[in-house]
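Chains as they are written, first to last, in this note's numbering: chain E, 6 to 132; chain A, 161 to 654.
Hints should not be assumed to be uniformly reliable.
In silico lysine-lysine, DSSO-like type, Cα no more than 27 Å apart, as pairs [what the hints assert, rightly or not]:
1. LYS554/A / LYS467/A
2. LYS16/E / LYS554/A
3. LYS16/E / LYS557/A
None of these hints come from the bench; they were simulated from the model.
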Amino acid sequence: MSYPADIKYTKEHEWVRVESDTEVVIGITTYAADELGDVVFVELPEPGAKVVSQEQFGEIESVKAVSELYSPVTGTVIQRNEELSDAPEIVNDSAYEQGWMIKVEVADTSSLDELMSAEEYEQFLES
Amino acid sequence: MTLLRSLEEQKRQLLMDRSAAGRVGTTFVPLDVPKTKLPDENLLRDQLEMPEVSESEIVRYFSQLSQFNFSIDHNFYPLGSCTMKYNPKLNDEMAGLAGFSEIHPLQPDETVQGALRIIWHLQEMLTEIMGMAGANVSPKAGAESELAGMLMARAYHLSRGDTGRKKVLIPDSAHGTNPASAVVAGFHVVSLPTNDNGDTDIEALKVAVGPDLAGFMLTQPSTLGIFDTNLLEVVQIVREAGGVVYGDGANLNALLGKVKLGELGFDVVHSNLHKTFTQPHGGGGPGAGAVMVSERLLPFLPTPTVKKETAEDGTEKFSLFTPPESVGRLSPFHGNFGALVRAYAYIRTLGNQGVSQISEDAVINANYLLTQLRGTFDLPHDRHCKHEVVLSAKSLKDAHGTDAKDICKRLIDYGIHPPTMYFPLPNVVEESLLIEPTETESKETLDQFIMVMKAIAKEAEENPDLLHDAPHDTPNTRLDEAQAARKPVLRWKG
């Protein structure tokens with residue numbers, strides 16, 4: 006499995022991509038998608054909702070289990086991936102591209118420095 | 161082959177599809193009263209489609225349906241955390257006695273003294289088994305007992321004017337329904353991690369308790385199948401912080417006659433009577449919960465509870481009553497009375513010694529499986545287990561791509577019901593298989609299961625696709641579970 010170098014990773018297996026100075030995109034990693042197995046339902050917050058770093062922002066259900074989604078950042082949801090409600094399997098097929106979950110407006114992106122790089126995430130998975 | 165398949169297909173026909181115009185399964189006796197018009201013909205439907213079949217066709221239809229099913233009466237059913245033990249037929253016979261099965265819940269108390277006596281005596285026996293102060297058996301399932309327990313915890317705090325207690329702590333090895341029950345009762349749930357040994361993390365607990373602590377919900381033994389060696393310390397910390405200690409008794413099969421949770425400081429314990437005290441429950445019910453409480457929660461028990469009064473001449477009178485500060489009614493009437501009779505019959509049949517032997521045999525059976533399957537499967541917590549054992553298929557998955565689900569599906573081909581899988585949850589144990597043999601299985605049955613599990617592990621190595629495509633020999637082969645959840649088809653047709 007490969008982990009794109011241009012995004013940041015969390016211990017809860019979410020990823021964050023910086024789109025601009027104030028906007029980030031959040032999803033789950035291929036490792037998480039693979040461990041969950043076939044995703045059958047994703048529950049995401051509506052635009053306008055507040056998300057808080059390290060707190061739950063949604064739920065993802067696979068044939069194995071229901072798991073919480075934890076936000077890597079604090080901010081306001083500006084868009085969610087509506088396609089996932091009809092086709093949750095996109096998370097399995099394209100975790101980093103079409104399978105994104107929410108776009109969040111953040112005060113600044115400096116807090117992302119604390120998250121893991123692709124290399125650090127791979128080391129974390131091996132440990 | 162085509163003929164065989166079409167015969168198989170015919171077995172799946174619904175009763176309506178087997179109908180032939182004019183065919184009957186019974187003959188009415190000749191009319192021996194004068195014919196009369198119905199008072200209001202408009203109440204009748206024009207068309208009422210009914211299957212027209214003979215008696216033998218009906219009997220075959222239902223027999224075939226029952227063969228598609230799997231129950232504990234067919235074969236081994238090691239569904240962990242669910243205690244699928246054999247249900248003695250004597251209990252069904254007792255529940256079927258006319259004095260129990262043909263009474264009405266609204267009959268006056270004095271006409272159903274026998275039934276009320278059974279409920280009262282069951283309350284007493286469960287109170288004694290758990291070492292508590294009182295019991296109510298009206299909840300209809302474990303989750304309803306949990307809700308009752310949490311409502312009582314809430315009522316207890318509020319009755320003391322203690323309004324700030326809103327947090328309930330629940331370890332990640334607890335039963336899945338616990339957090340839901342606490343939330344429905346109005347609490348805020350905080351999950352506690354287990355340590356590497358599988359026990360409650362004491363340090364995390366110490367940090368989490370405070371003046372806002374309402375209670376702690378512990379499943380004992382936990383869903384990891386192990387007895388929390390920190391139990392006494394956990395209870396002490398929670399009680400000192402002013403919290404109510406709740407014991408989820410779904411796994412009581414490991415403790416019967418050995419541990420009285422009341423004596424360890426628990427305030428509420430529930431028992432899934434349908435699991436521990438035998439009740440056929442493979443189809444999802446009917447269940448029966450019972451909730452046992454300590455002295456300080458007695459006034460809050462649900463209604464109706466049954467009490468006994470003894471007159472001066474020694475005559476006993478049983479009646480329904482509502483405890484003074486009751487949290488109210490959880491079920492219509494008295495709960496699932498038939499299930500209560502079965503539990504009563506079971507306890508009375510076994511007696512004191514027999515009840516203790518349940519847990520002894522259940523624990524020995526689970527540990528036998530643990531010992532024999534060590535090496536074939538991973539043991540996330542390699543220590544003595546209680547009544548159920550958690551195996552992991554992680555190594556098999558990493559090596560051959562065959563996961564816990566594939567192993568479970570292959571077990572079906574061998575005529576064995578799969579154990580619980582992916583519970584404990586993947587973030588607690590990867591590729592988990594939760595196996596509970598129960599006390600009712602013989603060594604021969606367990607040896608057979610061990611042989612099958614080893615054979616499947618070997619198949620995984622030699623021919624993993626055999627597992628990926630399993631089951632092969634059942635009326636339905638591998639179902640597309642993802643598609644079934646994403647786009648469920650909820651009607652047979654039309």
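A quick look at each hint next to the structure:
no.	hint	verdict
1	LYS554/A / LYS467/A	violated, 53 Å
2	LYS16/E / LYS554/A	holds, 20 Å
3	LYS16/E / LYS557/A	holds, 23 Å
The structure fails to meet hint 1 from the earlier list, while all remaining hints are met.
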